[in-house]
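Sequence order for the protein chains is L and A.
The letter at position 121 of the first sequence is residue 121 when you use our numbering, and the numbering goes up by one with no holes.
Position in the second sequence (first residue = 1) + 363 = our numbering.
In case anyone wonders, no lab produced these hints; they're calculated from the structure.
There may be inaccurate statements among the hints.
Stated by the list, open to error - A few chain L residues facing chain A, derived, Cβ under 7 Å:
(1) R4
(2) A7
(3) T9
(4) E12
(5) Q15
(6) A17
(7) R18
(8) V27
(9) R195
(10) E196
(11) N199
(12) L202
(13) I204
(14) T205
(15) A249
As the list claims (entries may be wrong) - Derived coverage of chain A by chain L (criterion: at least 3 residues anywhere in the stretch with Cβ under 8 Å from a Cβ of chain L; other residues may be distant):
(16) 450–463
(17) 555–562
No experiment lies behind these values; they were computed from the predicted model shown.
Every residue, glycine too, gets a C-beta built ideally from N, C-alpha and C.
These are the residues of each chain, in order.
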Amino acid sequence: MLERIAAVTVKEVRQLARDRVTFGLIVGIPLMQMLLFGYAINFDVRNLRAAVVDEARTRLSREYVAALEASGVVEFDAPSAGVHELQRRMNSGEISVGVHIPPDFERRVIDRSRTAAQLIVDGSEPMVDNVARGLAAVPLPRRDGRYGTATPVLELRTEYNPERRTAVQIVPALIGVILNMTMMIFTAAAVVRERERGNLELLITTPIRSWELMTGKLLPYVGIGLVQVTLVLTVGSLLFDVPVNGRLADLYLAALLFIAATLTLGLVISTLARTQFQAFQLAFFVMLPSILLSGFMFPFDGMPKPAQWLAQVLPLTHFNELVRGIVLRGAPIGDLGRPALKLVAFLLVALAIATMRFRKRLD
Amino acid sequence: MNAEPAIVATGLTRRFGKVTAVDHVDLSIPRAGIYGFLGPNGSGKSTTIRMLCGLLEPSEGTVEVLGHRMPRDAEVLRRQLGYMTQRFSLWDDLTVRENLEFMARVQGLHRAERRQRIGEVAAEYDLETVMDQRAGTMSGGQRQRLALAAATLHRPELLLLDEPTSAVDPQSRRDFWESLFQLVLEGATILVSTHYMDEAERCHRLAILAEGRLVAEGTPRDLMRDIPAAVVEIETPDTAAARAALSGQPWILSIAQLGTRLHALLDRDVPDPAGRVSERLAKAAVAAEVKAVVASLEDVFVAATGFRHSPLAPPQGN
Chain L
1 MLERIAAVTV KEVRQLARDR VTFGLIVGIP LMQMLLFGYA INFDVRNLRA AVVDEARTRL
61 SREYVAALEA SGVVEFDAPS AGVHELQRRM NSGEISVGVH IPPDFERRVI DRSRTAAQLI
121 VDGSEPMVDN VARGLAAVPL PRRDGRYGTA TPVLELRTEY NPERRTAVQI VPALIGVILN
181 MTMMIFTAAA VVRERERGNL ELLITTPIRS WELMTGKLLP YVGIGLVQVT LVLTVGSLLF
241 DVPVNGRLAD LYLAALLFIA ATLTLGLVIS TLARTQFQAF QLAFFVMLPS ILLSGFMFPF
301 DGMPKPAQWL AQVLPLTHFN ELVRGIVLRG APIGDLGRPA LKLVAFLLVA LAIATMRFRK
361 RLD
Chain A
364 MNAEPAIVAT GLTRRFGKVT AVDHVDLSIP RAGIYGFLGP NGSGKSTTIR MLCGLLEPSE
424 GTVEVLGHRM PRDAEVLRRQ LGYMTQRFSL WDDLTVRENL EFMARVQGLH RAERRQRIGE
484 VAAEYDLETV MDQRAGTMSG GQRQRLALAA ATLHRPELLL LDEPTSAVDP QSRRDFWESL
544 FQLVLEGATI LVSTHYMDEA ERCHRLAILA EGRLVAEGTP RDLMRDIPAA VVEIETPDTA
604 AARAALSGQP WILSIAQLGT RLHALLDRDV PDPAGRVSER LAKAAVAAEV KAVVASLEDV
664 FVAATGFRHS PLAPPQGN
């Protein structure tokens with residue numbers, strides 16, 4: 001039994017080592033995603049093009065505009081003559097934020113029942129709306145007790161990531177996204193490829209049992225998954241100073257659980273797909289909701305209820321919860337029982353489905 | 364030697380949806396011989412072989428292979444079975460040695476036995492010089508020898524070969540058949556499917572399949588002797604005219620052209636068939652030389668399929 005599993009594993013590793021493209025992807029996908037998310041994709045919005053219509057033309061209004069610009073979120077272009085021009089420039093996509101300061105700005109500031117100025121925002125860009133809330137909270141510059149709010153109305157404090165760096169949130173979650181992608185695609189493809197090329201037809205007529213074949217095939221990928229975890233953590237620490245606050249052993253244990261879950265999901269896909277192309281399509285069918293709904297990109301609590309239910313079925317959701325808990329909050333895996341158990345449940349159900357569907361026969 | 368048949372199938376049937384690929388086939392395949400399945404593509408050869416080795420479940424009927432009920436006892440039988448698929452099913456990106464090593468391990472051969480058997484089959488099938496070459500870079504003949512080597516590593520009692528020579532040149536085919544006879548001498552039972560007449564003629568016994576049904580069975584010699592038709596060959600410079608003169612005659616069952624000759628199957632009850640054909644051609648003023656000839660397997664096939672089928676495969680160059 002062990003002999004046959006070992007035979008399959010040795011064969012699989014040999015094939016992997018010779019398949020330069022796949023081998024490159026094992027290292028390439030994590031590296032590319034790390035650099036992409038770490039450097040290029042930044043959820044901190046900065047330097048939005050903006051324009052101002054200052055009808056008040058007072059010192060206070062100029063100071064207010066300067067304070068907005070100092071936030072770094074907006075960068076003011078040439079001022080506009082009026083509200084209409086502001087809207088035209090926004091329509092043409094020249095600017096995405098407009099500030100309208102009415103002539104009676106100073107009076108409005110004192111009279112707290114009326115809004116002092118208007119912020120016009122391009123709602124077609126998803127991130128800008130959030131920015132607007134931030135801008136609206138910018139306090140008026142202090143002016144010797146006469147008017148203006150000296151302290152910000154709202155104090156914002158961010159736990160666990162005081163500098164609010166995207167990389168710190170993204171990199172740990174990337175472990176899951178990368179594993180999800182590579183584990184699922186590679187295993188599904190590895191099994192379907194053998195069916196496509198007729199290898200399976202030959203293997204079925206030998207004494208090897210299906211679970212021996214599957215175990216032997218999946219073992220190398222467990223190793224690959226752990227290598228990827230290490231790679232992401234190392235690059236995250238070297239390039240983006242992402243700390244690991246919890247125990248490494250806990251993190252690897254969680255990763256192992258997640259790898260097992262995604263490998264099994266890959267197996268289920270392989271029993272559904274007839275060709276490698278179908279396997280890729282099915283894998284992406286799972287990938288997209290995983291990335292969108294797992295809390296990797298958007299806050300989980302902000303999603304509508306049906307989306308949250310759907311997210312419960314995706315292993316990435318639970319792994320993200322685990323990995324953020326361990327890496328950022330330094331929680332031991334024992335304190336994260338709920339997501340861990342859900343992951344185990346997913347693994348068992350997927351395993352049952354894969355076993356039921358994979359039979360040693362062609363029909 | 365065991366006198367029991369190696370394979371007994373009764374009423375073997377397999378349907379795929381509405382299509383019946385194999386239709387109530389009865390088989391009794393004796394041990395220690397080469398048994399051939401002859402038929403065109405789509406006649407149910409592969410489906411039958413797949414049912415015999417437990418890859419497919421029969422829709423109806425029973426199969427007993429080496430005394431085991433299939434597919435129920437498929438796992439028990441695996442060790443006594445060697446299977447060569449129609450397509451090359453070993454791994455292109457592994458070397459010959461790695462492929463053999465893998466198959467030997469999967470078959471459960473122990474280390475010493477493994478080394479010995481791999482050495483033996485490499486010598487037997489002339490693979491020693493290519494042991495470290497990847498299978499994907501080899502010629503059709505080499506790959507086929509490798510596949511046979513892999514199928515015989517564990518010395519199976521029964522070898523099932525599904526169109527093993529379809530991608531191979533004539534010389535390699537000849538060598539391949541020599542290897543098969545050697546295996547039979549060592550006591551193996553071989554079941555081989557083919558659509559080549561010359562290969563079918565080498566089998567000890569033959570089953571002719573058409574549209575999923577068994578239409579004739581016996582030794583090639585008996586089949587050719589007992590063909591329910593008389594065979595004449597017509598040599599003529601004007602084959603088209605000869606054909607026109609003969610077609611439509613109820614006693615002529617089939618005509619096929621072979622270069623400048625016509626090959627005709629006639630109703631068996633016609634006395635002096637060659638004379639009758641000559642007479643008919645003379646009446647139509649077609650110059651021709653007519654002689655009665657011995658039936659070929661192709662004639663047997665045409666007769667067995669109710670004189671509706673054209674020749675199976677184009678004549679091979681060997």
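Now for the hints, and whether the structure bears them out:
no. : hint    : in the structure
1   : R4      : holds, 6 Å
2   : A7      : holds, 4 Å
3   : T9      : violated, 11 Å
4   : E12     : violated, 10 Å
5   : Q15     : holds, 5 Å
6   : A17     : violated, 10 Å
7   : R18     : holds, 5 Å
8   : V27     : violated, 20 Å
9   : R195    : violated, 11 Å
10  : E196    : violated, 11 Å
11  : N199    : holds, 5 Å
12  : L202    : holds, 4 Å
13  : I204    : holds, 6 Å
14  : T205    : holds, 4 Å
15  : A249    : violated, 34 Å
16  : 450–463 : holds (count 9)
17  : 555–562 : violated (count 0)
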